[in-house]
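Chains U and Y are the protein sequences, given in the same order.
Numbered per our numbering, the first sequence finishes at 136, counting up by one with no gaps.
Numbered per our numbering, the second sequence finishes at 257, counting up by one with no gaps.
For the record, the hints were derived by calculation from the structure and aren't laboratory data.
Careful, some of the hints might be misleading.
Stated by the list, open to error - Distance condition first, Cα-Cα at most 27 Å in a straight line; then the derived DSSO-like pairs of lysine-lysine:
hint : chain 1 : residue 1 : chain 2 : residue 2
1    : U       : 7         : U       : 85
2    : Y       : 193       : Y       : 234
3    : Y       : 148       : Y       : 193
4    : Y       : 229       : Y       : 193
5    : U       : 32        : U       : 111
6    : U       : 7         : U       : 64
7    : U       : 111       : U       : 50
8    : Y       : 148       : U       : 111
9    : U       : 7         : U       : 111
10   : U       : 64        : U       : 50
11   : Y       : 234       : U       : 64
12   : U       : 50        : Y       : 234
13   : U       : 85        : U       : 32
14   : U       : 67        : U       : 85
15   : Y       : 234       : U       : 7
16   : U       : 111       : U       : 85
17   : U       : 67        : Y       : 193
18   : U       : 64        : Y       : 148
19   : U       : 67        : Y       : 148
20   : Y       : 148       : U       : 7
21   : Y       : 148       : U       : 50
22   : U       : 7         : U       : 50
23   : U       : 67        : U       : 50
24   : U       : 32        : U       : 64
25   : U       : 67        : U       : 111
To be verified - Calculated Cβ distances over 12 Å to all of chain U for the following chain Y residues:
hint : residue
26   : 147
27   : 159
28   : 176
29   : 180
30   : 185
31   : 191
32   : 205
Don't be surprised by glycine CBs; every beta carbon is placed ideally from N, CA and C.
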Amino acid sequence: MVYLTRKAEFSASHYYHNPEFTPEENRRVFGKCNNPNGHGHNYTLEVTVKGEIDRRCGFVVDLKQLKDLMNREILDAMDHRFLNKEVPEFSTRIPTTENLAIAIWQRLERKLQAAQLHRVRVYETPDLYADYYGEA
Amino acid sequence: MSAEENQRTYGKCNNPHGHGHNYTLAVTVSGQVDEPTGMVCNLADLDAFVHENIVGKFDHENLNTLGQFAQSVPTTENLCVAIYDILQRGFTKAHLEKVRLDETMMNSFEYAGEEGISVIR
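Isolated chain Y, as found in the complex (with noise of 0.2 Å):
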């Protein structure tokens, strides 16, 4: 995109300063109840491999300088895409439903994959 086209798409967040976020990540995986452990998943597990894979990945960076938006724009949308296929591929102990993000109070997106349509309501 030209200069003009850039700062009439994205206004202020074409700032080439670049601006901050609080984001809230909400990961939902689904399955059957374990008997043994009455839990779908150990939350710790989870937990971990968030924290290690997405956390440690995403906080506190600057967007664009991660090689995971070298060729995309770092907006919401496609850091939700880039999360739930972060899990997708790497988090086998559940299924995984949906990835939401909210990056603001107002501001909210989710993604459930190609073919998850049917758990967003």
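Isolated chain U (complex conformation) (with noise of 0.2 Å):
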């Protein structure tokens, strides 16, 4: 088994609110984080597959597949974006880095075909990261 690693960067803006707390509540737990006009972040992304080495070819996976795929369900959505107004999946959900890490696995494990889906990556700051493996 072979794990292959690719990452990209984008550039995004959120903020932390929960519509279900008072707004000191939201102050407190979220801090400067809550404001509503949002903050931004440079977010690297880094997406991990696994596989076996197929014997004709060399690859686990195609590269620029798994590249033209990132592009096409993450970046093209995330990327330059106010993630709470612009991306769907933030509308009911707060943008923490643990669930853009979940919600980059969720698109991307919908559409994957050549190899497996192992780990999704998400770097908030070169300090911060969270890590998702799906479920299972």
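Build the complex from these two chains, which are given one at a time in their own frames, with help from the hints.
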């Protein structure tokens, strides 16, 4: 089994707010991240897939196909967007790094054919990232 | 494969004149800490082995001309496995966990042997 990781970068804004919390609770739990005008990050995304090497071509998966899939499913939807307002998943979920990793996994898993998705890692900053390995 | 199939599968990578990469190799070994030295293994030993048996073999070479790749395509996947095999056979001072190769800033590959699935996290 060989594990292959493809990176991509995108910039997006978001804010953290739970409509079931009081304003005071939102401010206490989320602090500066509760600013409704939003704030931005340069995210780094790492998508790791796994599989056996195809003996004919020497690939686990065609990297160009994986790159195109990531562009179509993730970057086109999220790059230079306000996540809370423009990405459907985040109309009902708070766009934390954790939820972003899960949403990205769910988008890719539906469309990935040639290899198995192993891990999605999202860096919100160079010091902070979330890993998601799916439910299994 | 036919010429068309090669072109379709490999795109620019099918250029017969070749192309180069600056690969970054990371070798992960594991073991108990040896009390007298405080080390899992002496990194100087690992460095020396890698320099002689991996870097010495592959650096500044045209991979397609090497015996290692007479029967397989020198994709980074296959290079990863080849490097793992060299280490597994020859480096005995610690347990080999996995090999990681960064082909570019955006593409990396890891191999932990046939049974090493649990260490890739």
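Violating hint indices (sorted, rising): The structure conflicts with hints 5, 17, 24, 26 and 32, although it agrees with all the remaining ones.
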